[in-house]
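Engineer: Per our numbering, the very first residue in the sequence shown carries number 1; after that it's consecutive.
Because the hints were derived from the structure by calculation, they are not lab data.
Since the model is a prediction, treat every value here as computed from it, not as a measurement.
We put the CB at the ideal spot given by N, CA and C, even for glycine.
A few of these clues could be false.
As the list claims (entries may be wrong) - Calculated pairs, BS3-like style, for lysine-lysine (alpha carbon to alpha carbon, straight line, at most 30 angstroms):
id, residue 1, residue 2
1, 306, 141
2, 180, 306
3, 143, 292
Unchecked claim - Distance windows between CB atoms, simulated:
id, residue 1, residue 2, range
4, 319, 4, 23 to 29 angstroms
5, 146, 269, 36 to 42 angstroms
6, 50, 328, 24 to 30 angstroms
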Amino acid sequence: MAENLTFFIPYHTGYAHAELVHSFASYTDVHLFIYKWNPAYERVKQYFSHVKQIHIHDFSIDNIISQLIEEKHRKVVVLLTASTNYLFGQLQLRLFRLIQQYSPSLIDVYPVGHCMYGCQSCAYAYTHCLPITFTNYIQTKEKKLSFEKDFEILICPSYSFTNAPFSLLSNSDIIEYMLKLDYSHAIKLHPLAYECKDNEKHPFLSLIDIEKKHVEKLFQSKNVILNEQTSTLKLIEHARVIICDSNSSIPFETLYFHDNKFIFVYETIEESDEQDDRQDYFHKFHTVEELKCLIENYFNHQLECKTENSHDFFLEKYDEPNGNEIEQLAQIRQWIKTDEENDEKESFDLDSIKAAVYDEFKSISTPMALYTLGDHTMSEIAQIYFSDENSLFDAMQDNANEL
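Could you put the whole structure together from the sequences, leaning on the hints where they help?
Structural biologist: Rendered as structure tokens:
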């Protein structure tokens with residue numbers, strides 16, 4: 001444990017980033033600041049409450065500054081799990097870098113992201129080639145999962161990142177086929193899909209309507225893995241066949257394993273990318289008929305295995321996972337470098353910091369600015385921006401353009 005360092009993580013989802021939080025908590029204390037508008041607030045709070053190194057707070061500027069004061073001589077690093085490819089992550093980065101100007105102990109604001117190569121949310125340039133997604137998996141490998149039913153096929157559908165239905169989850173024929181699939185299989189849905197089932201409405205992360213409809217159907221299956229099972233890597237390790245979307249980090253994560261898995265990747269003709277440098281290791285499919293053919297050929301031992309050398313490709317993008325990625329990251333980012341200034345008593349003018357923050361954000365006239373600052377609940381933000389039909393339409397259009 002690093003005694004002179006602590007991590008602050010603003011948290012805006014359900015279990016989506018749970019593995020990441022556990023990874024950083026294995027190195028030092030983590031202070032989790034959960035947004036009050038987060039529909040999974042209570043569930044996340046309960047989930048992490050038993051972990052000694054993880055401390056739960058409501059997200060607010062006051063609480064963040066108060067905790068900076070409480071940390072006294074410890075260095076603080078803010079970790080952003082939201083993708084900086086989108087507006088919310090960009091505004092979070094802007095907010096904490098502004099606070100950093102007033103706090104010498106806040107030594108870094110690092111967009112760690114939440115996924116790996118192959119997902120359009122991945123900011124690969126920020127990773128330093130460190131496979132942090134694998135850290136908790138490596139550290140807990142001895143803790144094997146137990147399954148009510150064994151499975152050979154693991155289905156991991158993603159969701160559409162735009163309003164256009166490009167995901168496996170939006171293909172009605174494939175969903176119906178999965179519901180009737182006779183071969184042993186398990187379904188691990190995207191974290192957003194589980195929240196959709198629980199009728200939890202996230203302000204800016206959501207499935208499209210056809211995906212919501214199909215999620216309701218999939219939950220009729222006894223093969224759906226529970227939301228509380230957060231380690232998808234352990235599920236991938238167990239399976240022989242992985243069915244997933246192209247726009248996802250699941251295909252790449254599967255390339256890590258050495259046991260010659262089969263990866264069936266869905267993409268629409270419109271989204272087909274012949275420049276994808278992962279595709280040599282996949283079997284692609286566009287229709288339910290193509291998927292049926294792949295599965296039948298696999299079980300008849302008539303399908304080529306393309307992943308024999310996939311681990312080598314994995315190592316072209318990331319270092320070999322060893323469970324020490326956080327320690328390596330701390331060295332690369334110089335978080336553990338001794339600094340005389342860190343021994344000096346730090347003082348804060350809370351009012352000055354808050355004034356600077358609100359002055360910086362007052363010109364950003366979209367709901368996303370209020371979501372970032374965390375002062376209001378979702379209903380309060382709706383009242384501020386959606387007081388009439390015209391402003392509702394304008395704000396919805398702004399959000400669509402910004403995500």
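Engineer: Work down the list of hints and note, for each, if the structure agrees.
Structural biologist: Do the hints match the structure? See the list:
no.: 1; hint: 306 <-> 141; verdict: 26 angstroms, holds
no.: 2; hint: 180 <-> 306; verdict: 27 angstroms, holds
no.: 3; hint: 143 <-> 292; verdict: 34 angstroms, violated
no.: 4; hint: 319 <-> 4: 23 to 29 angstroms; verdict: 25 angstroms, holds
no.: 5; hint: 146 <-> 269: 36 to 42 angstroms; verdict: 41 angstroms, holds
no.: 6; hint: 50 <-> 328: 24 to 30 angstroms; verdict: 28 angstroms, holds
Taken one by one, the earlier hints fail for this structure only at number 3.
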